[in-house]
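Chains F and C, in that order, are what the protein sequence lines are. Letter 266 of the first sequence, counting from 1, is numbered 266 in the UniProt record's numbering, and no numbers are missing. Letter 113 of the second sequence, counting from 1, is numbered 113 in the UniProt record's numbering, and no numbers are missing.
Check the hints yourself; a few may be wrong.
Okay, derived cross-link-like pairs now, SDA-like style, lysine to any residue, Cα gap no bigger than 25 Å in a straight line [to be verified]:
no.	chain 1	residue 1	chain 2	residue 2
1	F	K229	C	K329
2	C	K76	C	L224
3	F	K31	C	K299
4	F	K31	C	Y317
5	C	K87	F	L224
6	F	K76	C	L224
7	C	K3	F	H249
8	C	K87	F	G225
9	C	K3	F	L20
10	F	K76	C	R215
11	C	K3	F	D25
12	C	K76	C	I105
13	F	K87	C	I230
14	F	K76	C	N214
Among chain C residues calculated to face chain F with C-beta under 10 Å, some are [stated by the list, open to error]:
no.	residue
15	H28
16	K31
17	N222
The set of hints was computed from the structure by calculation and includes no laboratory data. Don't be surprised by glycine CBs; every beta carbon is placed ideally from N, CA and C.
Listed below are the residues making up each chain.
There are 2 protein chains.
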Amino acid sequence: MDKMRLLTPGPTPLPEEVRLTLAMDMVHHRKPGFTALLGEIQKDLQWLFETSQPVISLASSGSGAMTAAVTNLFKKGDQVLIIEGGKFGERWGNIASTYGIDTGIISVPWGKPITIGHIETALRQYPKVKGILVQASETSTGVLHPIKEIAEYLREKDILLVVDGISAVGISPLPMDKWGIDCLLTGSQKGLMLPPGLSFISLSERAWKRVEENRPREFYFNLLGERDKILKNSQTLFTPPINLLMGLHTCLGLFRQQGMENVFRRQWALTQMVRTAATAMGLTLLAEDHYTWGLTSIKLPEGVDGQAVLSCCAERYGIILAGGQDSLKGRIVRFGHMGHVDYGDVLAGIMALMHSIAACDGEVKTDNVLEQAMAAYEKASDEGYPEDFA
Amino acid sequence: MDKMRLLTPGPTPLPEEVRLTLAMDMVHHRKPGFTALLGEIQKDLQWLFETSQPVISLASSGSGAMTAAVTNLFKKGDQVLIIEGGKFGERWGNIASTYGIDTGIISVPWGKPITIGHIETALRQYPKVKGILVQASETSTGVLHPIKEIAEYLREKDILLVVDGISAVGISPLPMDKWGIDCLLTGSQKGLMLPPGLSFISLSERAWKRVEENRPREFYFNLLGERDKILKNSQTLFTPPINLLMGLHTCLGLFRQQGMENVFRRQWALTQMVRTAATAMGLTLLAEDHYTWGLTSIKLPEGVDGQAVLSCCAERYGIILAGGQDSLKGRIVRFGHMGHVDYGDVLAGIMALMHSIAACDGEVKTDNVLEQAMAAYEKASDEGYPEDFA
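Take the sequences, apply the hints, and build the full model.
Here it is, written out as structure tokens:
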């Protein structure tokens, strides 16, 4: 009769207000009431993305928005650079090559961030690059790439910065206009505390010019058509996911009430909490300085079977964590603490992880771990996140 | 304080069981529990489509599934025939020409069905046709095209029959394998009594061969990739809309309990009810013999402002109906009675329509209309639908 606690990097638990909204009966999407709701959602999404440009909602998973970004911004034969430091970096590469785009891959070891030096070197090798495709947060490793620095470096160059913000928007700061991001996209099931099924994408002025020049042949992911609908009367090209949008309105209302600085502060504090716990347990963190907020990747002690640890957490403690992917499979635990998760859930998650590693014969310290974690949480809540993220 | 009643051809009102399922908290989509649910859903969808082939769920609106059908089944330069008797027939044409497919258009007057004669003539003009794209139900007019006859006619020809079943699947019979449909697709917000955001598509064996030969360059609408995931372990390529799929499982459970014959019988009886009411009011039906179940298009008396009628229905009676599109704008009312709608809702809808037309100075008979409608409903419920639909 224990509760299940979903501590994965998406989907995340949903606030009760959102769940009740999702249960509401249908309204018609082309009638004035829903059009007015879409208008409010548009304002809220621009506030969330920190942009003056329209934010387009698509009925798709986040990979749909990634596909839309590639097919609208680039043509067959265009050259792009992919920052590949994990599974989602690889996905950028797969999408781009599906559409005949010439992709230069900058590989960084899984767990490490990209540096400006890497990019400088790659640009010498690929001089005709029209865009750089990167994750803000690489969900497969829990690394936060330095988007602000990359944007600054690219500002004077005719190269579009395309950022997958799927596990970053609503979790850590990513002000689109201020930093100079050319394309920012996200999904509904991470920071936005909604089920999956909606994705969002916004383009800078110069990115829109590129789309207008390209005249992409896209029927479903037709960003110019969607923008026209928004500007004309806040509508969508195709039937939108009505109840997810109603839930989004509720979620963005909760964000408005709290203010994004407080949303980010909480995510930051929970991140400090889990990192402190892992270190106190004597475990190693995969990402050192540049780490995702809302997700912590923790290396398991040598010889411990990661799948057995996850199963023990789930079956004995009702704690659902994610494992490593590909080369990291069985070797790390990805501890999610994004969305509607609080310190109490995280305490339960830390305890479950600690006891499950021990049950799988892994070496793990247990002294005072929860106390140290809670102290780190309270300290980080009081102090807030460092200024250079703002 | 009156209730709002949604009587449009999608979205439709949702059963309470479905709404409560939609409100459930998230589970993780890659864990064994959800994989098992996807396995059950797969069996139910094959039962619903009456096919032995996998039915793929996509995170998209129905137009996404239409796009997937076109880009997977046909290549640039292929010739297809489009049955265009309304807005959604036009959509087939728009999708096909977006992707450089050579489209022959068979125009039929809005409100009329296609005939085999039309198709025979067109095939003489376009001898290299690789597929015929048609709506089972053309939602903009309420016409039911004769899919069974078309399928029979095409059986011995190397021409794929691609059927948009968006406002037909779960509403009127459309047995994919028995009739010989090569591609059947639908959306979640019509017969399936769910919010929009999910679409479904299934291909015949010969259609799959075509996709294998084409090797389409599709990242998001990658049907071969989705089929592999289903066959391997009931999973999806991308993060699926978790709560819509949970709601789908509930809905298909309701269908299983009732049996599809009874679901269809109810839709048939409600259709007879509304058609009888319209005739009793002295109004003309747009579609004569070949009419959609679950949606009735009714011509308004000359000179009556259709928008004013709809507004009166909505504002005075809380009845939400749909209007005509394009050339039919302002001239017809589309009265939806699909999904979770019963005779009581339809009685309210008929009454609202009758009084609103009168309020807009339209000529309309009111004598005994509801009694005649109810008698038609009860008779059709008892007798069931004609055998040639089975």
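Verification of the hints:
For the suggested pair K229/F and K329/C, the alpha carbons sit about 19 Å apart, so the restraint of at most 25 Å is met. Between K76/C and L224/C, the direct Cα distance comes to roughly 19 Å. Compliance with the 25 Å bound is thereby established for this hinted pair. For a cut-off of 25 Å, the pair hint linking K31/F to K299/C stands: about 21 Å separates their Cα positions. This hinted pair checks out: K31/F and Y317/C have alpha carbons roughly 16 Å apart, not beyond 25 Å.
Restraint check for K87/C and L224/F: satisfied, since their Cα atoms lie roughly 21 Å apart, inside the 25 Å limit. For the given pair, K76/F sits about 23 Å from L224/C by alpha-carbon distance, which is consistent with the 25 Å threshold. About 23 Å separates the Cα atoms of K3/C and H249/F, which keeps this hinted pair within 25 Å; it holds. For the given pair, K87/C sits about 17 Å from G225/F by alpha-carbon distance, which is consistent with the 25 Å threshold.
Of the supplied pair hints, the one linking K3/C and L20/F holds, its CA atoms being roughly 19 Å apart against a limit of 25 Å. A distance of roughly 17 Å separates the Cα atoms of K76/F and R215/C; the hinted pair therefore holds under the 25 Å criterion. A distance of roughly 12 Å separates the Cα atoms of K3/C and D25/F; the hinted pair therefore holds under the 25 Å criterion. Note on K76/C and I105/C: the hinted pairing holds, with a Cα-Cα distance of about 17 Å set against a maximum of 25 Å.
For the hint pairing K87/F with I230/C, the CA-to-CA distance comes to about 21 Å; that is within 25 Å, so the pair holds. For the hint linking K76/F to N214/C, the alpha-carbon distance of about 19 Å falls within 25 Å, and the restraint holds. Using the Cβ-Cβ criterion of 10 Å, the hint placing H28/C at the interface with chain F is satisfied: the shortest such distance is roughly 5 Å. Checking K31/C against chain F: minimum C-beta separation of about 7 Å stays under 10 Å; hint holds.
The closest approach between the C-beta of N222/C and any C-beta of chain F is roughly 8 Å, which is under the 10 Å cut-off, so the hint is satisfied.
In this structure, every one of the numbered hints holds.
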